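Going down the list, the sequences are from chains Y and A. Here the first sequence stands for residues 1 to 192, where the numbers follow our numbering. Here the second sequence stands for residues 1 to 392, where the numbers follow our numbering.
These are computed hints drawn from the structure, not numbers from a lab. Possibly wrong hints are sitting among the right ones.
Derived Cβ-Cβ restraints for the label pairs, each shown as a range [to be verified]:
no.	chain 1	residue 1	chain 2	residue 2	range
1	A	Asp-304	Y	Trp-82	25 to 35 Å
2	Y	Gln-114	A	Gly-33	50 to 60 Å
3	A	Leu-233	Y	Trp-82	29 to 39 Å
4	A	Val-189	Y	Trp-82	50 to 60 Å
5	A	Thr-224	Y	Ser-108	15 to 25 Å
6	A	Leu-233	Y	Pro-47	45 to 55 Å
7	A	Val-189	Y	Gly-144	30 to 40 Å
8	A	Asp-300	Y	Leu-52	25 to 35 Å
9	Y	Leu-52	A	Arg-142	23 to 33 Å
10	A	Ala-115	Y	Gly-144	51 to 61 Å
In this text, all values refer to a predicted model and were calculated from it rather than measured experimentally. The beta carbon of each residue, even a glycine, is placed where N, CA and C say it ideally should be.
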Amino acid sequence: MSATTAHAGAAPAAKDGRFEPVILAFTCNWCSYRAADLAGTARMKYPPNVRLVRLMCSGRVDPAFVMRAFADADAVILTGCWPADCHYRIQNVKALRRFILLRRVLESMGIEPQRFQRFYASAAEGQQLAAEFDRIVEEVRALGPLDWAGRHAAFVPSATPPGAGVGEARAAAEARAAAPPPAERELAEVTA
Amino acid sequence: MSAKPRLAMYWAAACGGCDIAVLNLGEALVEVGSRFDVVFWPAVMDAKYADVEAMPDASIDITLFCGGIRNDENEHLAHLLRAKSKILVAFGSCASEGCIPGLANLSTLDEILDASYANETTDNPDGVRPVPAWRENGVTLRIPTLAPLLRTLDQVVPVDYTVPGCPPETKRIEDVVELVGKALDGTAVLPPRGSVLGAGHSTVCDECARERNVKKIGAFRRVTEIATIDPTLCLLEQGIPCNGPATRDGCGALCPAAAAPCIGCYGPADGVLDYGARLMSAFASVVDADEPERIEVILDGIADPVGQFYRFSLASSLLRGGREAMDQAHRGRASAPVGSPAANHPAPRLGRTPPSAPMLDVLGPQDHVPQRAPTGPEPPAPTLEPVGGPAR
Ligand code: SF4
Ligand code: SF4
C-alpha cells in the first residue's frame, strides 16, 4: 500500500496477502450513521476497512472533502437518508446531484467509478448498510490500491532512463558536458 | 549597487501573454522603467541565466514569475529566482494554478509527445523524438527535460504573493505596480504574505451586471447552440455554463458583459479550497431534477466536465494524491512545503523576520492553498527596504 494511506490510519492487517483497502464513508447523523450504529449494537459485522465520518447531513459533503479524501483513501462512499426522508428536506437530493456530477469529473480524472459510490440507508437498515459496505470493499479490493505514486510514475515517459528524474536529468546532462569528449557509447546512451 | 529597486520578470511554462499584459501598461511602463532597475526580463531584453546566478541572494527586490513548472529549466529558474528575490510573485494563472498548460496533466508524457511528433498531422518519417542531449561535431546540444507533470510555482518554491488572471488585466497590474511603489516609498504597507494582489475577494458574479432570479436550470447548452442570448439575464440561468460563481473578481466581469460565459481565468475566489469542487457544488445545486436519470440527462449538457471545472486550475486541484506522491513522481527533488517557514529553501531576506504564522491549512499539511485568504493570525508582509535606506 502506498505511504500516503498511512494518514487515514493503518489499513487492517492483511490476511493471506490480500489487499485491504482504506475506505472513507460519509454518513448522516439521522439515517446512515444510525444504521451503522444499529449494525454495531445488533452485532452485525461489516468490514473494518470502512471508516465513518459523521456529518449532520449528506448535503454537507462538499466535493472538496471527497477530493481531499482521495489523497489517503482507496475509495469514498457517500451515504444518506432515502429521498423524502431527509431531516433537512431536500439536502440529500442536492447531495445526489453533486455526487453524479463529481463522479463524472472524477472519472475523467482517472478515478474508477467503483471508488466513489453512494447508497441510501435509513436508521433501521443496519443490515443493508453492512451488506453494501461488504460489496464495495470487495469491489475496491478487486481494483487494487489507488496508489497515487504509481499513477504519477506512469506519467514518466518510457524513453526516460530509469532513475533519471527531473533534477538528475539536468545533473546528468551537466556531467556529460563536463566530461572529456565522449565515446560513441555515450551518444548511444543519450539517444536511447 | 543601483539605488533603484531591482525588478525581474520571468516566463516558465507560459505563453508570453502575461509579459504582453505588462507591456500593455503603455506609458505607465515608462514609469516602471524609471522607478525600477529591470535586471532580468527575457521577454524584452537580452539576459543570461549566468548573470542571475552571479547575483547575490535576495538582491532582486521583486520578481514577477509567470508560467508553471514543466521542465528542469523551469524548475532551476524557480529555485534560482526564489533565492535571488526578496519578494516572489506568482504572476498570472500559469504560475499560480497551472492554467491551460496544466491541462496536459490529464495526459502522460508519451501521449503528449505522440501528439507533437507522431499523429496524423505530423510529417516525421524517421520518428524523431526530442532527447535531452545530442552530440554533433564534437558539441553537445541540450534541451530541457520535461517533467512528468506540470506543477504550479508554489508547489515548487514558497511564493509571497499571487496576481491572478489569464492574463492579469492591465489596470490591475497598474494597481499592483502602484502598491509596490508606495510600499517602497513607505507610504503603503504590503498585505500579509500569501495574499492575492490585483484582484478582489469575492466572485465574478458579484461584479457582473446581469440579473439573477431563478435558481433552477433544466438544460445546459453551449453558447453556439443558442439563437439569441438575453442581454440582461444571468448566463447560467439561460443554461450557459458560466464559471462566475467560483471565480475571483477583479477583471470587471468582462466576459459575461460581452455575453460570453466566464471561463474562470481569475482563479478561485477567497475561501475556495478547490476551484472545480466549488463550481461543481454551484452547478449541481441549480440542476432542476431529483431523479438520477433526469439529473444525468441535464448534466450531459456539460460537454467537457474537466475542461469546464478545471480549465485553469487542474494542476492545483486537491485531487493529486498529496505532496508525497507528487514528490515521489518527481523523484526526490525536495519541494519545500509552501507557506512553511521551515521550508528547505534559503529564506528570503526581507528586512523583517520571516513569517512564522501558518497559512490557512485546514486540509492537512500537503494541501496548502496559497491564493486563499488567510484566516487566523496573519503572517506579516514582506517588507521592501525603503530606497536608499540604511540597509544599503
Ligand atoms: S453566473 Fe455568470 S452571468 Fe450569471 S451572474 Fe455570475 S458571472 Fe454573471
Ligand atoms: S469574466 Fe471570467 S474568464 Fe472573463 S476575464 Fe473575468 S475571470 Fe476571466
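- prompt: Which of the listed hints are not met by the structure?
  reply: 7, 9 and 10
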